[in-house]
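Colleague: Listed below, chain by chain, are the residues.
2 protein chains.
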Amino acid sequence: MAQEALNAQAEMNNTDARLFVIGTELLKGQVADGHGKLISSELSRLGYNVKSIEILPDDGSVQTSMEACLSDTDLIIVTGGLGPTSDDMTRRAIAEVAGVELVLDQGAWDTLYKRVGERIHGANEQQAYIPKGFTVIENPLGTAPGFMGRAKGVLFIAMPGPPRELGPMFLERVLPFLTSLSGHESQGRDEYSVFLTPESKLEELCVKSSRPSCTWGDRFQSYRISLYLGGENRALMAKSLSDDLGPGLMVPGDLESWDLLEQALLERGLAISTAESLTGGLIAKLLTDRPGSSAYFKGSAVTYCNQAKEKVLGVPHSIIESYTEVSCQCAQAMAEGAMKLYDTDFAISTTGIAGPTGGTEQSPVGTVCLGFASRFQESQSAKLVFQSYGRDSIRRRSAVAAMLLGCFYLSGGSVIDMASAWQYI
Amino acid sequence: MAQEALNAQAEMNNTDARLFVIGTELLKGQVADGHGKLISSELSRLGYNVKSIEILPDDGSVQTSMEACLSDTDLIIVTGGLGPTSDDMTRRAIAEVAGVELVLDQGAWDTLYKRVGERIHGANEQQAYIPKGFTVIENPLGTAPGFMGRAKGVLFIAMPGPPRELGPMFLERVLPFLTSLSGHESQGRDEYSVFLTPESKLEELCVKSSRPSCTWGDRFQSYRISLYLGGENRALMAKSLSDDLGPGLMVPGDLESWDLLEQALLERGLAISTAESLTGGLIAKLLTDRPGSSAYFKGSAVTYCNQAKEKVLGVPHSIIESYTEVSCQCAQAMAEGAMKLYDTDFAISTTGIAGPTGGTEQSPVGTVCLGFASRFQESQSAKLVFQSYGRDSIRRRSAVAAMLLGCFYLSGGSVIDMASAWQYI
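Heads up: the sequence lines are chains A and B, in that order.
The numbering used here puts the first residue of the first sequence at 22, with every later residue one more than the last.
The numbering used here puts the first residue of the second sequence at 22, with every later residue one more than the last.
Bear in mind the hints are in silico, worked out from the structure with no lab data behind them.
One should not assume that every hint holds.
It does not matter which identical chain is meant; a pair holds if it fits inside one copy or across any two.
Claimed, not checked - DSS-like, lysine-lysine: derived pairs with alpha carbons at most 25 Å apart:
#1 404 - 222
#2 72 - 58
#3 260 - 135
#4 332 - 135
#5 332 - 404
#6 222 - 58
#7 361 - 404
#8 135 - 361
#9 332 - 361
#10 153 - 135
#11 260 - 222
#12 72 - 49
#13 260 - 229
#14 229 - 332
#15 58 - 229
#16 173 - 153
#17 332 - 49
With the rest of the complex left out, here is chain A:
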């Protein structure tokens, strides 16, 4: 019922929106808020006027804040305070402000029961209650659903706080709905995954490649940026952006670099092993984060010291002596050693300098050598020099680059050609 009621409302062009972000940890400065930027940028693109973003604790004070702005606000979005340990604050505050009671939503209860079983009794059950007359927004990634509804002339939307739940719910459920409300033609929107590109550089390139009737939005994640393009000319804009970045750094869809590698391995029925110095087990960790990875991942030799590179992987002492351990020669020998040790079809390796210390004039911090070996192809290797944004970032980007180049290597390409065409790493 509620969906139709919502759609029946007047058009909402140029309407005033306010955003409330609930999270005590944000007020203690333990975490920086990312929801404000994500939601306000999308709302602004749709022509909403965002009047404030208010970060509040998980103590119900959002109720007072919402009441104070009812008269000059058309859209209120609240994130967080919906979980079972939150004492139900956001849910209750919105019901109070809307002047309705909280009622059990049977659909939400059934979904929750499927997820948590008998643990539904107790605190968990609160999550199936929503303000009367409101509509549930399903949350496939967590226990707390969102909800939305109209009351006192205001459209209220509540979403869970954890970023991995909020992001998809906002972008895939709420945003299309708001777009339809604002009277914007729903022209669709394409999602891309962008790798190895600094956020500020991507934004600069978006401005540069921007075309009439094109819109864009991005979401920074640990190992990539999700980029959303909208409007009639979005395919052209995507092409021009992708050309700017370099080969393989912008792929359609919602994909991590390890998704691409997994796909390449499963398609070809290949087993992989890794040899990791610089990344210290990170690639193995990322591949085995996935259930079912034992189908293609056999193991990794993390060889942090040079003795281990020689003893465990059989890298010749002469290679390390002549070229140092941060060399294409060493990376290639490491990959070959891992392939042999784990008896796999394919192997990738990483060696380099993550810093903050250990850089030399010849090999500054950020210098990374990646090796690739296969039962069916000549070994290859590539040397990259990442701009240094810190140890973690260098390790993460090295893992991503190794996986992207690994896919290209499996398809028969030259990893040096690919890597040297990357523009902004």
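Use these hints to put chain B onto chain A, whose structure you have.
Modeller: Frame of chain A, contents of chain B only:
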């Protein structure tokens, strides 16, 4: 956080602060705010209770927002809206709320004149005006000085918005002043790191162990919970909580499990290697996240398949055949194999079932065997069965448990005794 905790937190911190961040670009989502996290984390450290962070446009609406909170706020910090193009919004809003006029500060005028010369006439000159009775905060990095002063029982502090001006001004000028003011340091607050305990369980235990004049607050992180105890009886409360949880799960300070392991290794001058099946490289990744880890970490054999356990680590085929790979026998042989392969003093190993599939009646998802070997001690192992909160969580908790038990093993303890006394894993 539960309501009791928040109430306690509010009492514990006797000064209520609110932060207003001015910047239209923040509301359009073009830039993410960083001031909120910086300022709120430092204020929280000093014991201030940050009640809200509000992002507002450069249109003077901060005046209404400040007026609305005067009665329940002791400290108001405003950033931004001080520059010559800002139409003087923040300066005027604070003067209005404080009920005083704006007056020329000759010192600020002189400083500005040195900086911009004759360009001082016009919009620039506004920047030398401050609310009457307030004090200028010099800004060596920009044209707009900050200012602070007391009015209507509230301490107002205004600082410029550009991060390269705000950061130094806040950290070098404002923060030392607030520290001297608050006297919060003497009130005392102890921080603990709590491992392997579900957040909801810890909160329940805090309520149970709570004592008169004790306060607590917590922060959930990926690999532990930071717990903050305040009040006179906090030492007793800490003891009772720690007893409830079990040995080694609550340690004083801001420490990750890998900090504890690093410390144990460095103290004893030992080198470590790991053998990881279940954790797939995660322990190696966590240890090598730290710069300088090469001093004690040599490498890890990630052996995801059984053939690799046998071939790389030398686990006897008969052990896997008789006891399966998820057994204490296998874990112990893996640790011994890693120690030998990497030629280290000490090794830890993990094998188990992270799920979601692969569980059996005998070894359900969450069953984990951890092995420990040392050049100087008998090998040991322990079997744990974690409650299943998903694959990631089981892998993370296994890594933490292996590191905590590893420390205990190095100190000569029995890992089985320790693990079996853990109450809520």
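Colleague: Give a verdict on every hint.
Modeller: Results for each hint:
For the homomeric pair residue 404 and residue 222, the shortest alpha-carbon distance inside one copy (22 Å) is at most 25 Å, but the shortest distance between copies (49 Å) is not. In this assembly of identical chains, residue 72 and residue 58 lie within 25 Å of each other by CA distance both inside one copy and across copies; the values are 13 Å within and 20 Å between. Taking CA atoms no more than 25 Å apart as the test, residue 260 paired with residue 135 passes in neither setting, with 43 Å inside one copy and 39 Å between copies. With identical chains, the CA atoms of residue 332 and residue 135 are never at most 25 Å apart, being 50 Å at best within one copy and 42 Å at best between copies.
Taking the shortest alpha-carbon separations for residue 332 and residue 404, only the intra-copy value of 24 Å comes in at or below 25 Å, while the best inter-copy value is 31 Å. In this assembly of identical chains, residue 222 and residue 58 lie within 25 Å of each other by CA distance both inside one copy and across copies; the values are 17 Å within and 24 Å between. Taking the closest pair of Cα atoms, residue 361 and residue 404 come within 25 Å of each other only inside a single copy of the chain (23 Å); across copies the shortest separation is 32 Å, beyond that limit. For a Cα distance limit of 25 Å, the shortest separation of residue 135 from residue 361 qualifies neither inside one copy, at 45 Å, nor across copies, at 47 Å.
In this homomeric assembly, residue 332 and residue 361 come within 25 Å of each other (Cα to Cα) both inside a single copy, at 13 Å, and across copies, at 11 Å. In this homomeric assembly, residue 153 and residue 135 come within 25 Å of each other (Cα to Cα) only inside a single copy, at 23 Å, whereas the closest approach across copies is 64 Å. Taking the shortest alpha-carbon separations for residue 260 and residue 222, only the intra-copy value of 17 Å comes in at or below 25 Å, while the best inter-copy value is 51 Å. With identical chains, the CA atoms of residue 72 and residue 49 are at most 25 Å apart both within one copy (24 Å) and between copies (9 Å).
In this assembly of identical chains, residue 260 and residue 229 lie within 25 Å of each other by CA distance solely inside one copy; the values are 13 Å within and 60 Å between copies. In the homo-oligomer, the alpha carbons of residue 229 and residue 332 never lie at most 25 Å apart, since the shortest distance is 51 Å inside one protomer and 54 Å across protomers. Taking CA atoms no more than 25 Å apart as the test, residue 58 paired with residue 229 passes inside one copy only; the shortest distance there is 21 Å, against 31 Å between copies. For a Cα distance limit of 25 Å, the shortest separation of residue 173 from residue 153 inside one copy, 14 Å, qualifies, whereas the shortest one across copies, 42 Å, does not.
For the identical chains of this complex, residue 332 and residue 49 are neighbours neither inside a copy (49 Å) nor across copies (50 Å), given an alpha-carbon limit of 25 Å.
Of the numbered hints stated above, those contradicted by the structure are hints 3, 4, 8, 14 and 17, listed in ascending order.
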